[in-house]
Amino acid sequence: MLESFSPLIFRSGLVAAVLLTIGLSSCGPSPEPVSLKRATAADIIQQVSEYKGREAVLVNFWATWCAPCVQEFPMIVELGRRYRDEGLKIYFVSVDWLEQSDRVRTFLEQQGVEGLSFIKDEKDNPFIDGIARDWTGAVPFTIVYAKRSGAAMELWEGKAHRERFENAIEMALEN
Amino acid sequence: MKLTMRVLPVVLLLVSTTLGKELSLGSSIPLPDLKMLDVGGKELSLNDITGSNGLVVIFSCNTCPWVDAWEDRYVELANAYLPKGFGFVAVNSNAAYRSKGDSYDDMQSRAKKMGYTFYYTLDKQSELARAFGATRTPHVFVFDADRKLVYRGAIDDNAKRPDKVEARYLADALDACLAGKDVKTASTKALGCTIKFDD
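Just so you know, the sequences run in chain order A and B. Start counting the first sequence at 9; every next residue gets the next number (my numbering). Start counting the second sequence at 2; every next residue gets the next number (my numbering).
Rather than coming from a laboratory, the hints here were simulated on the basis of the structure. Treat the hints loosely; a few may be bogus.
Unchecked claim - Quick list of the computed label-pair ranges, beta carbon to beta carbon:
1. A/Glu-107 to B/Val-76: 21 to 31 Å
2. B/Asp-199 to A/Arg-172: 16 to 26 Å
3. B/Ser-25 to A/Asp-93: 38 to 48 Å
4. B/Asp-199 to A/Glu-174: 22 to 32 Å
5. A/Glu-117 to B/Ser-29: 45 to 55 Å
Computed from a predicted model, the values in this text were never measured in an experiment. Built from N, CA and C at the ideal position, the CB exists for glycine as well.
Hey, can you work out the whole structure from these sequences and the hints?
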């Protein structure tokens with residue numbers, strides 16, 4: 009009896025294992041598709057302000073053709089994942105030409121960025137001043153906003169080392 | 002890059018920045034006697050290049066798409082204003098990119114290929130860029146006949162589309178100098194590539 013049922017039990021177990029595997033993988037969080045939105049400085053400031061009192065926000069301005077931007081990009085994505093549960097939100101703002109939107113979207117997808125990102129849709133001068141009066145316009149440019157107050161805590165032009173990002177993020181999470 | 006750490010109180014928080022401090026309007030030409038090697042093979046200083054009506058300095062390079070976009074206007078503007086008594090020089094301060102497209106040989110090739118009619122000098126250790134507080138390419142500085150800074154910023158308001166330019170910042174500043182008037186828009190901003198300082 010037992011012997012005659014063994015293959016059936018084995019097959020049932022195998023089917024259950026396969027179904028469980030499929031079930032587990034489909035229940036996990038699926039990656040959110042990239043949404044690339046045209047934005048003015050005011051749009052970005054508004055988006056950041058929505059996190060005031062809840063999360064620290066890091067905004068990185070970059071371009072696909074900017075070598076230092078591309079070099080530091082994977083590290084920023086990784087830091088976003090690492091600090092996500094501690095209350096950090098990261099936004100990427102591309103300053104590529106608008107007609108390069110497809111190229112920007114592809115790059116973001118390749119880098120594993122999910123959800124909302126932005127591409128500049130405003131003349132340079134008002135855009136730069138609208139983000140930060142102290143920004144001279146050089147990219148990459150990074151600005152970090154404090155969790156509780158929502159105030160800009162640190163901003164810098166040029167590529168930075170991991171330590172600089174980590175220090176800025178941790179300070180923003182504490183304030 | 003010239004580093005300035007400024008601490009500003011904002012909602013009881015410390016804001017720190019690492020940004021260039023641009024030369025103040027009204028300043029004299031910094032390091033006017035610093036000799037730089039021009040693509041023509043001569044050692045030249047800004048004093049040597051300044052014309053009777055002033056000087057245009059553009060921090061530039063060979064490796065920046067924003068330079069690529071604006072570069073056609075370098076030549077147009079130089080051709081228009083060199084005969085009117087302005088000195089005109091592009092300066093390459095990308096010390097950290099000498100092996101990545103910004104060597105002296107690369108500069109010579111670039112000047113030839115793009116038909117530069119003006120000086121293109123090597124700021125070997127980025128000394129001039131630091132003295133100007135230049136942060137990006139292109140980054141423009143205009144000195145009047147009295148050798149005082151009267152304009153700093155962008156060439157115009159549309160890098161990508163010359164036919165869509167609405168504000169000709171640099172040309173307007175040069176015309177104001179020639180007319181003996183104040184420059185109406187004396188400071189502007191534009192996106193650009195960071196100057197690659199060797200630090």
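Hint check:
1. A/Glu-107 to B/Val-76: 21 to 31 Å: holds (25 Å)
2. B/Asp-199 to A/Arg-172: 16 to 26 Å: Once the Cβ atoms are compared, 19 Å apart, the range 16 to 26 Å for A/Arg-172 and B/Asp-199 holds.
3. B/Ser-25 to A/Asp-93: 38 to 48 Å: Holds, at about 46 Å.
4. B/Asp-199 to A/Glu-174: 22 to 32 Å: holds (25 Å)
5. A/Glu-117 to B/Ser-29: 45 to 55 Å: Since A/Glu-117 and B/Ser-29 have Cβ atoms about 51 Å apart, the given range 45 to 55 Å holds.
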